[in-house]
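Novice: Take these sequences, add in the hints, and give me the full structure.
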Amino acid sequence: MGNFLIRHAQSCIAALGKLCRHPIGSVLTIAVIGIALALPAGLSVVVRNGEAIAGNWETARDFSVYLKPGVSLASAEKLRDELAQTAGIAKVELISADTALSQFQATPTYDAVLAVLDDNPLPHTLVLRPEEAATTEAMTAIADELTERADVDLVQLDTEWVARLNAILDVARRSIWIAAVLLVGAVIVIVGNTIRLDIQHQRAEIEVAKLLGATDAFVRRPFLYTGFWYGLVGSLIALAVLALSLLLLSDPVARLSALYGGGFQPLGLDRDGAFTVLGGGLLAGLGGAWSAVARHLADIQPTV
Amino acid sequence: MMISFESVTKRYAGGRDGLSEVSLLIESGELAFITGHSGAGKSTLLKLIGLIERPTRGQVLMDGRNIGRLPRRAIPAHRRKIGMVFQDHKLLPDRSIFDNVSLPLIIAGMSRRDIEKRVRAALDQVSLLGREAHRPEMLSTGEQQRVGIARAVVSRPKLLIADEPTGNLDPALSLEIMLLFRRLNEVGVTTLIATHDIGLLDQLGGRRLMLDQGRLAADLQAH
Ligand SMILES: Nc1ncnc2c1ncn2[C@@H]1O[C@H](COP(=O)(O)OP(=O)(O)OP(=O)(O)O)[C@@H](O)[C@H]1O
Ligand SMILES: [Mg+2]
Numbered sequence: 089m090g091n092f093l094i095r096h097a098q099s100c101i102a103a104l105g106k107l108c109r110h111p112i113g114s115v116l117t118i119a120v121i122g123i124a125l126a127l128p129a130g131l132s133v134v135v136r137n138g139e140a141i142a143g144n145w146e147t148a149r150d151f152s153v154y155l156k157p158g159v160s161l162a163s164a165e166k167l168r169d170e171l172a173q174t175a176g177i178a179k180v181e182l183i184s185a186d187t188a189l190s191q192f193q194a195t196p197t198y199d200a201v202l203a204v205l206d207d208n209p210l211p212h213t214l215v216l217r218p219e220e221a222a223t224t225e226a227m228t229a230i231a232d233e234l235t236e237r238a239d240v241d242l243v244q245l246d247t248e249w250v251a252r253l254n255a256i257l258d259v260a261r262r263s264i265w266i267a268a269v270l271l272v273g274a275v276i277v278i279v280g281n282t283i284r285l286d287i288q289h290q291r292a293e294i295e296v297a298k299l300l301g302a303t304d305a306f307v308r309r310p311f312l313y314t315g316f317w318y319g320l321v322g323s324l325i326a327l328a329v330l331a332l333s334l335l336l337l338s339d340p341v342a343r344l345s346a347l348y349g350g351g352f353q354p355l356g357l358d359r360d361g362a363f364t365v366l367g368g369g370l371l372a373g374l375g376g377a378w379s380a381v382a383r384h385l386a387d388i389q390p391t392v
Numbered sequence: 016m017m018i019s020f021e022s023v024t025k026r027y028a029g030g031r032d033g034l035s036e037v038s039l040l041i042e043s044g045e046l047a048f049i050t051g052h053s054g055a056g057k058s059t060l061l062k063l064i065g066l067i068e069r070p071t072r073g074q075v076l077m078d079g080r081n082i083g084r085l086p087r088r089a090i091p092a093h094r095r096k097i098g099m100v101f102q103d104h105k106l107l108p109d110r111s112i113f114d115n116v117s118l119p120l121i122i123a124g125m126s127r128r129d130i131e132k133r134v135r136a137a138l139d140q141v142s143l144l145g146r147e148a149h150r151p152e153m154l155s156t157g158e159q160q161r162v163g164i165a166r167a168v169v170s171r172p173k174l175l176i177a178d179e180p181t182g183n184l185d186p187a188l189s190l191e192i193m194l195l196f197r198r199l200n201e202v203g204v205t206t207l208i209a210t211h212d213i214g215l216l217d218q219l220g221g222r223r224l225m226l227d228q229g230r231l232a233a234d235l236q237a238h
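Residue numbers (the working numbering), protein chains in the order written: chain F, 89 to 392; chain S, 16 to 238.
Errors might be hidden in some of the hints.
Computed list of lysine to aspartate or glutamate pairs in DMTMM-like fashion (alpha-carbon distance at most 25 Å, straight line) [claimed, not checked]: (1) S:K132 x F:E293; (2) S:K96 x F:E295; (3) F:K106 x S:E152; (4) S:K105 x S:D129; (5) S:K105 x F:E295; (6) S:K132 x S:D109; (7) S:K105 x F:E293; (8) S:K96 x F:D304; (9) S:K105 x F:D304; (10) S:K96 x F:E293; (11) F:K106 x F:E295; (12) F:K106 x S:D109; (13) S:K96 x F:D387; (14) S:K173 x F:D304; (15) S:K173 x F:E295; (16) F:K106 x S:D114; (17) F:K106 x S:E131.
Sample of chain F residues facing chain S (criterion: CB under 10 Å; computed from the structure) [said to hold, decoys possible]: (18) L300; (19) G301; (20) D304; (21) P390.
Calculated directly from the structure, the hints in this document are not laboratory data. Quick reminder that beta carbons are idealized off the backbone N, C-alpha and C, glycines included.
Specialist: Encoded structure:
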């Protein structure tokens, strides 16, 4: 058992040594793996941030109900109490015409405009905050019902584009999965091809080893370890490329974030994401090596 | 190790018979030379022992076991029990002498320390101690063949087979190599050598199996 582990360790290190001795081919293969893995990982970071933004707006999806001018404060209060009982609504706030007016008067620009008017032109307004769990459909239904009412002038519901953003993010998420699967497939082919060339290159060596009684496992081992190293180093390169890209983006993203009042913190790749990249790299490296080994090693039978 | 052929026929794809109906018995510890014209079946006989080819009919037995029937996965273990020497020696050109000779031991999974001792002992047997770090191209043809022999005996097999080990050597070197085989045989290794070099055999003794068109034409015991 100890010997077995030592042999594996030797084989593993020998494979790394060989990659270092033939740097050009290895570097190209590793670079391709790195880029192919960085691409879907980078897109998933973009989507993660999109989700965070959508999430921010979803908690702030209050909607405003403007009552018709001339509706009395008493009936506005009655409507408020009524709505507060409605399922799906967490809170209702009444902003009376007078309150609204004083808010506007506090703003210099509007102050001048309001000064020339005799009457308060502003209606009473109800601001509804949906419950966390309330669906967009339920909110739309409530909004439609309110719009029908005679005393309601306008319902402003802003959730529509949040729903659209979510739908777009769904499409993006799915696309990234498809891209990731395709790219990992491509990496398997690339590693497979590199290892196939290695096998051809070492044909004489493999034949001699088989003549001297090497098992298939013995002959296979160095190639599988080579695939392992391609996958490992390739995915580390992918993570490095990603980190660098995020660094390059950090300034413009900070500015964007500031425009939203610092409302959201830009996100990097989380731990699960990093492990997914690593796992994808190892899968592709070992898978590629395995496919090459399975197809090409059996062909090599010693001739004397 | 004892080898016996029981009416062994090897028909190659294409219909040519490499061996036909050969029966023979080689006792444990024996030294035997296989001779015959080109195409007589010398290599075929050795390939059947090393399981590089399988018999078409008949049985090849090693210590009583029918090796013609061994499953594919049992071939590596079978080959590890045999030392093989080739005419073109089959050394790996980009590895040192030490690495070349240690390969069978690495394949067998021996520890590093034991490998070092064994390799030195094997190189000592072929008088090449001190050349471990050299590459095959830095050695003469005769020395390269001796490295091939060191590699064949390093795992201390009970059977040594050699296919025209002196095919590329001049007469003096050939004799030296053959004498080396005889020394190895004297310590108890069953040794089977295919050779064209009939002139040499008179100086060596040993049993002679002569093949002709795939058939065993003569079996001359050592005098
Ligand atoms: N792989 C093969 N496919 C088809 N025919 C073969 C094959 N190997 C050998 N033969 C044929 O089998 C016969 C015996 O060949 P073998 O190589 O055993 O002869 P040999 O005695 O070793 O000859 P040489 O002294 O030239 O090496 C020959 O007729 C040869 O053409
Ligand atoms: Mg031959």
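Novice: So, against the hints stated earlier in the document, which numbers end up violated here?
Specialist: When the structure is compared with the hints, none of them turns out to be violated.
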